[in-house]
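J.: Starting from two chains that each stand alone, build the complex the way the hints lay out.
Protein chains in written order, with my numbering: chain Z, 1 to 343; chain L, 1001 to 1271.
Hints in this document: simulated from the structure, not taken from any laboratory. Keep in mind that a hint or two might mislead.
Unchecked claim - Capping the alpha-carbon separation at 35 Å, the derived lysine-lysine pairs in DSBU-like fashion look like this:
1. L:1237 <-> Z:224
2. Z:245 <-> L:1072
3. L:1248 <-> L:1077
4. L:1191 <-> L:1068
5. L:1237 <-> L:1218
6. L:1218 <-> L:1057
7. L:1248 <-> L:1260
8. L:1068 <-> Z:245
9. Z:245 <-> L:1002
10. L:1248 <-> Z:224
11. L:1057 <-> Z:340
12. Z:245 <-> L:1076
13. L:1117 <-> L:1077
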Amino acid sequence: MRNQSIEFIMAGRRQRRRRWIVVTSLLAALAGMLCCAMLLLGSTIYPVNDVIRALSGEHLKGVSFAVNTIRLPRMLAGLFAGFAFGIAGYTFQTMLRNPLANPNVIGITSGSSAAAVFCIIALHASGAVVSAASVIAGLATVLLIYMLSRGRSFSVGRLILVGIGIQAMLDAVISYLLLVSAQQDIPAALRWLTGSLNGSQMHELPPLVITVIIFAPIIIVLGKHLDILELGEQSASSLGVDTDKTRIALIVSSVFMIAIATATTGPIAFVSFLSGPIAKRLVGVGFSNVIPAGLVGVNLVLAADLIGQFAFEYRFPVGIITGLLGAPYLIFLLIQMNRKGEL
Amino acid sequence: MKPTHIFQAEQVVAGYDHKTVIHGISLVIPSNQISVIMGANGCGKSTLLKTLARLIKPADGSITLDGKPIGKIPPKKLARVLGLLPQSPIVPEGISVADLVGRGRFPHQSWHTGWTKKDVEAVAEAMRIMDITELANHHIDELSGGQRQRVWIAMALAQQTDILFLDEPTTFLDITYQVEILDLLTDLNRKYGTTIVMVLHDINLSARYADYIFALQKGMLMAEGEPSQVITDTLVKDIFGLDCTVIKDPISGSPLVVPKGRYHVNEEFTS
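Same shape as in the complex, but just chain L (with noise of 0.2 Å):
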């Protein structure tokens, strides 16, 4: 099981060039658990995973990890205990799969080492969990829109991180492929203990997968808490703007949001 840390941001502002995005964000990831940042378009979701994950760097504000800012860490160190799958990680010409998700091994290796035994162990862990290992040898560029996804996630779990952040893993992807990857990623939480914060799309998938939320709305933290807790009509109207109804997913008996447009409403929904 991997072990808890302590993963917390306080009074964060951030953003691009001239741009504020976030505007003093403040919270605490709970450890082990599956997280998703969710908000509409533009609410800075991306920027707050990418400013945690240190990609971006705090104009104001704190991210420590285990008490110590993430900025004063050695960048390899880090790496060791938090990685990051960006939205659209860029492919090399021609590599092949094994070595692409080997390149995750990146931070446990010195300059004059080839593949050691753990590596070797790692990849091939990290392989069979995304069931990708019969397309090791495959080139990249030969796969479909949802295995590369695998291929991506099995390079980040093979840099065999405590702390996993996905930058919306299942984008471009068909519904059945988004519930694999959730499925998957779930597996990886409940198997290893992996802390995964993720930006979702789809709220519904949001509350199913999330044991924790945390809701965004121009840059600020609106809400947070377990879906059920969060994820109410209020909410919806709040952060999206959506007139909604939220009912209990049949299926999980999480929340299930359902939208209200000007068209195909029943008599009984309107007031």
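In isolation and in its complexed conformation, chain Z is listed as follows (with noise of 0.2 Å):
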């Protein structure tokens, strides 16, 4: 009786386990492919054996040039912006328990970005200011809206509702900025409000690696005690959560992840706010899913990245793609929040 009922409940999560390492993996081959598909397509399509001598450092005339300076790049922003958005806007909407409360709606994106723009037009900075400046700006958006929302009582739909008018306010001081500068062109301003791949560069990137390099594990480590807050303040602490520590650990990682991508790719539209829920519905629920949420960043940005520069007779920058894809999402969780009482 006893190992009959050990057995009935282990064959459930075996076969949860199952579907979690299936999943994972698939979206890791997923991924794995269009990082293929972003070196190999282009204006011009070379052979695949071109494509790996020139990535592999021999010298060959347009391939190089091509591969090495444009498309590799491009892949590599791509790949881990979209990690470190799915990854901190997972953890955003785990720790507060609504798929809204994340950096891309409450505008801690939007203030990284404003940061990175500020910097790059009125004091002509780049590199690590950039960077440093999105952090801090980061966190301070953060920071900003938890004092705002406090209230008498916290309430995530309260923090939401201030987030999104922040959200609001730091969009017009990146379109006022782009505006008022005079270098500013097209494709620069798109980067900045929707977030964009093209004109990635190599020398921009190892601030994004080197950030998520350190910060990703930390969140994935940690991934069991996010599951655990889920469960609210009183169960986390007695389950042993040090829930303070715990949860500044978590938003100190998430932030500088989102900050510096952003600083790199500009807020890709709705990747960290669509991530997690998908990663969600694709493995369910019961594993730590910071992992698949982000490879379904990755996944997301490069598929969306490839449509807007293939798809169409234009190329339209990758946020413009999420955008689309995001928007609606957004509007369905604001009635059913609207509909349950939530807001």
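T.: Laid out in structure tokens, this is it:
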């Protein structure tokens, strides 16, 4: 009897585990394929062999420039930014138990973006200064939203509304900065308004790569804590999670990733918003979805960028495509929340 | 049998931001017994329970487990001895019953391990005690209120703590389920010697199921002791402001509070 019940419980658990492994592997494989497609596809399609030779350092006229200077940085930017957006978005959504409560909707991305635009346009800064400014601005935005929405007792609904307001304000700041700047051109503007991989350059990537290598593992390791936090403050505390410390570690790690990714690619619309819910839908609930969410982020960014590049007569930046996907979902969630009386 | 613990509060003052709710309470939780904290709405019983379960940091006084201040015990270590089922726990969307119960194993696990054999056994055992094994692979959203409450208690059981706090585990449940839950908790106490401390609304069920009662009024401990000694007409009048007659519960022999309102009172009781 006892063994039977253990077997019954474990059978379901194994099934969920298998689903996690299968779906995560498929997401990783798809991401790998999209990475290859990013390197192979372009205005000229070179033979696979040439692309591999160019990547391994051989100098081939035309191929080397197209692959190593244009396509590789574009692919890497999409890969790392997608992973960062996916993981950070999922972290916020799970921690606050609401898909709307994510950096994309509540203005954290816009905060980082505004800081980056200000540094680049007004201060003519680049590199470390831009990265630092966007991290500080991201953290400051979190603090600001938290302080403004605190009230008598904490409410996620209020936090989201305050965040949406802050987001609108920061987006106006970005538009203003772009308008008054003399050097503004449309591709640059699109990058800072919706996010784009156009013109990604190899030398811009190290901060993003390093940030993801440092902070993604922290969140992955804290995945179990994150699942416990999802049970609410009281349950989490009584299960032995140091809720304040864990939350701070998760927020700081997420904001670092969001901010640096935003400083590199611009705020690619809705990726951090869509990744978590899509991952959850695909993988199910029960095992930590941090990694699947990151992989969904990668797939979204790379697929959307390929669609933006090749599906239409004009080339659209990645953020326009992800924005088209995300906006209806945002509206759907707002309607649902309003119905439940959470707003 | 679970080991004996000395869990003690001394002159505890606690509350929220600017409002003190508990005004200096000292108590010792009877080890391996069932205690109930009772009192009128807003008397601070839930706050006291949360303070004892370290969810609220006391403004003054000390709470110790076996002589050690609970704030000084590492959270995970404490969570292996002391568990709490909150009044309205939050359900993650779409989670299965077994996985939710499994989350109770958190304080026994490290970040990189999955379920060990011990975890599986604890989860299965907890689900068996709560009689929810057959629901293991259901989504929690599909369950009724009574079933859900059993799942939550199973999660607290999977934590395998020696001391278990429960904040109104029977609210929102039909009387049938209330009795069922209290029976299951009594099983737990009798079989394993788990120390149980709970807040209950119902005086009569408290009187029947508690070994020991803490009666609170306005953040102070008014009386404590065995139900038969504590629950009297005067005490009920004092803490609930209710006129009543206390008789003997024909089923259990414990005190039974029969309230006296303004209507439907027979002549012999009108004074």
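J.: For each hint, tell me whether it holds in the structure or not.
T.: Comparing the hints with the structure gives:
1. L:1237 <-> Z:224: Given pair residue 1237 of chain L, residue 224 of chain Z is violated - Cα atoms ~49 Å apart, limit 35 Å.
2. Z:245 <-> L:1072: 16 Å, holds
3. L:1248 <-> L:1077: 43 Å, violated
4. L:1191 <-> L:1068: 27 Å, holds
5. L:1237 <-> L:1218: 14 Å, holds
6. L:1218 <-> L:1057: 19 Å, holds
7. L:1248 <-> L:1260: OK: residue 1248 of chain L and residue 1260 of chain L at ~16 Å, within 35 Å.
8. L:1068 <-> Z:245: Answer holds: residue 1068 of chain L to residue 245 of chain Z is near 22 Å, not above 35 Å.
9. Z:245 <-> L:1002: 32 Å, holds
10. L:1248 <-> Z:224: Not satisfied, since the Cα-Cα distance of roughly 50 Å exceeds 35 Å.
11. L:1057 <-> Z:340: 33 Å, holds
12. Z:245 <-> L:1076: Answer holds: residue 245 of chain Z to residue 1076 of chain L is near 13 Å, not above 35 Å.
13. L:1117 <-> L:1077: 20 Å, holds
The structure is inconsistent with the numbered hints 1, 3 and 10, although it conforms to all the rest.
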